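Visitor: So you can see what is in the structure, the chains are spelled out below.
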Amino acid sequence: MSMMQMNRIFLFLILGTLAVFASGAIEGEVTKQALNMSAIVMFLIFVGATLGITYWAAKRTKSAKDFYTAGGGITGFQNGMAIAGDYMSAASFLGISGLVYMQGYDGLIYSIGFLVGWPIILFMIAEPLRNLGKYTFADVASYRLRQTPIRILAAFGSIATVILYLIAQMVGAGKLIQLLFGLDYEVAVALVGVLMILYVTFGGMLATTWVQIIKAFLLLSGASFMAVAVMAHYDFSFGALFTHATQLKGVEIMNPGGLVSDPISAISLAIALMFGTAGLPHILMRFFTVSDAKEARKSVFYATGFIGYFYILTFIIGFGAIVMVFQNPQYLDVAKDAIEGGSPILGGSNMAAIHLSHAVGGDFFLGFISAVAFATILAVVSGLTLAGASAISHDLYASVLKRGNVDSMKEMQVSKIATVILGIVAIIMGIMFEKQNIAFVVGLAFAIAASANFPILFLSMYWRKLTTRGAVWGGSLGLATAVILVIIGPTVWVDLLGNAEAIFPYKYPALFSVTAAFVGIWFFSITDTSHNAQLEQEAYEAQYIRSQTGIGAEGASEH
Amino acid sequence: MNKELVDKIKNNPDYQELVSKRSSFSLKLTAAMLVVYFTFILTIAFDPSFLGTPLSADSVTSIGIPVGIAVIIFAFVLTGIYTVRANGEFDDLNNKIKNSIKED
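Just so you know, the sequences run in chain order B and L. If you read the first sequence in this note's numbering, its first letter stands for residue 515, the second for the next number, and so on. If you read the second sequence in this note's numbering, its first letter stands for residue 2, the second for the next number, and so on.
What the hints contain is simulated information worked out from the structure, not anything from laboratory work. Be aware that one or more of the hints could be misleading.
Below, simulated DSBU-like cross-link-like pairs (lysine-lysine); rule was C-alpha separation at most 35 Å, straight line [claimed, not checked]:
| no. | chain 1 | residue 1 | chain 2 | residue 2 |
| --- | --- | --- | --- | --- |
| 1 | B | Lys808 | L | Lys22 |
| 2 | B | Lys808 | B | Lys573 |
| 3 | L | Lys9 | B | Lys808 |
| 4 | B | Lys576 | L | Lys103 |
| 5 | L | Lys103 | B | Lys808 |
| 6 | B | Lys648 | L | Lys9 |
| 7 | B | Lys979 | B | Lys916 |
| 8 | L | Lys11 | B | Lys648 |
| 9 | B | Lys763 | B | Lys689 |
| 10 | L | Lys29 | L | Lys103 |
| 11 | B | Lys808 | L | Lys97 |
| 12 | B | Lys979 | B | Lys808 |
| 13 | B | Lys979 | L | Lys9 |
| 14 | B | Lys648 | L | Lys4 |
| 15 | L | Lys103 | B | Lys979 |
| 16 | L | Lys99 | B | Lys576 |
| 17 | B | Lys648 | L | Lys103 |
| 18 | B | Lys648 | B | Lys573 |
| 19 | B | Lys648 | L | Lys22 |
| 20 | B | Lys808 | L | Lys99 |
| 21 | L | Lys99 | B | Lys648 |
| 22 | B | Lys979 | L | Lys22 |
| 23 | B | Lys979 | L | Lys4 |
| 24 | B | Lys648 | L | Lys29 |
| 25 | B | Lys930 | B | Lys916 |
| 26 | L | Lys22 | L | Lys103 |
| 27 | B | Lys576 | B | Lys924 |
Just so we're clear, the structure is a prediction, and the values are computed from it rather than from any experiment.
All chains, full assembly: derive it from the sequences and hints.
Guide: Below you can see the structure in the form of structure tokens.
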């Protein structure tokens, strides 16, 4: 396809999308509140700007390396912002501030769990990952092992994680947009899917990264404004804010509540969050977008700073919502309150941050935060889809099917096709799961990432005796244990399937499934006496030197 | 990487110094993070009321709030400490190793 043709198709698709959006917007405006016009205008500005970036990025995306890693030329600061953007999804912005709003201190416990994986990633994973890999984490896992089985397993782990995550994001997106913009659920889901396909297929990692950076900046600015507005109300005294909040909701919101009830659950949740983060394919992929290990380290440093700051903001925002939104007649769900009592807010507790934005900044700022929430979903699904598409094109197509004999243009084409397919799957799944209880989905994604992806990746870097047989059996064992324990655990067995009691009593399976994976990998590796296993163990030394020094590692592409 | 080069780097004293220093540094920092986090989360699991204790008699703010914020800041500071040392001292050593290969 020539560049001109591609550009023409691109412009055509942009206009098409805007037309779909415009018609949906008018329809929505009639049925829902008029004040959402400012949200729609601001969202259109965001979409226009990001499509402009995509157009710019498309012209610079000439090879598979550009497509997967933005040519390896992203700086540590930019990548830190993009990683933070991947992590600060709409679910964590609205979900954690909603959790703080409902349960106070428990929201902080939850966000700390999400943060502490980052230092571990820096100390253990980031550098060898950058030095050994090219496009996907399977590059590292299969560095000295047999390509076919390891790539298939790693790609399966990646695609499963990505699709589960996509379902959660799409369903959240549909509901949020329905509520904020007054669009139909299906229109909202389709819109997210189509825009995401545009960003990724045309702009690759370069566009995806910049969309993520811009969104992270907007989200951090908006959240900072809200937190400062809340604190200014109390002369920047936390004591005064907490005193007022406890007067409204009781002193329990200052104490740990029911989030972690017993030590097994506490440890299991901690393991899932920590190792799960280090096994998320869309996060790991970001380390290949920087030029070297130095920039990779800087990216984690900045990302940890941004994410930590963001969680402190969501904590203040949650408390701000308690004092300004809770029991405020303007945001009260009158119909629901009449039946159930307890002063529920419109749209449920996940809307606490959105209502607070209105309370502190009026219609205009509500529009801004709504547009940012939508932008957040778009940016996160784009990153996810790119990671899933890379697993299909780089691991399955180029490395397994074609045994590495494939030219870069062909591989890029396959990943674009994979992106379109994943986008369509995401739209269909998003619509299918509309009415389902999807609380288990993100937990399952983290459990798979922690139990299948992480142990193989970690041991391939640090354990000489790892063999292909060990990785395949142990990794599969971890994966199967995680999936089965989630199914027979409380979230699926009781809440979803309606059984009276769970067969497996804990909500988080990671403690058991991660252990199963490590023990399985250990056992099937040390009992592997094949000639192949011996060669794999002998290859460890050269791999370790490269992982430590970066000698022979992928550099940035020359532009 | 061929066998000859592997042996050469392996026997390079700078390489041995880099690996031993960095491994022990990463392990110490990892241990510090794990100890702090698991102390925090297990305190909640075994004795939830402890973090709920008010800071002072006339305050509603619980001990858990500054402790939680401190864990977040601790995690960030650790990444800073590692990045400064790795991007300085360790990368200098690493460059010496890389230059020693180029020389021949």
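Visitor: Against the structure, test the hints numbered earlier, and report the numbers of the ones violated in rising order.
Guide: Hint check: nothing fails, all pass.
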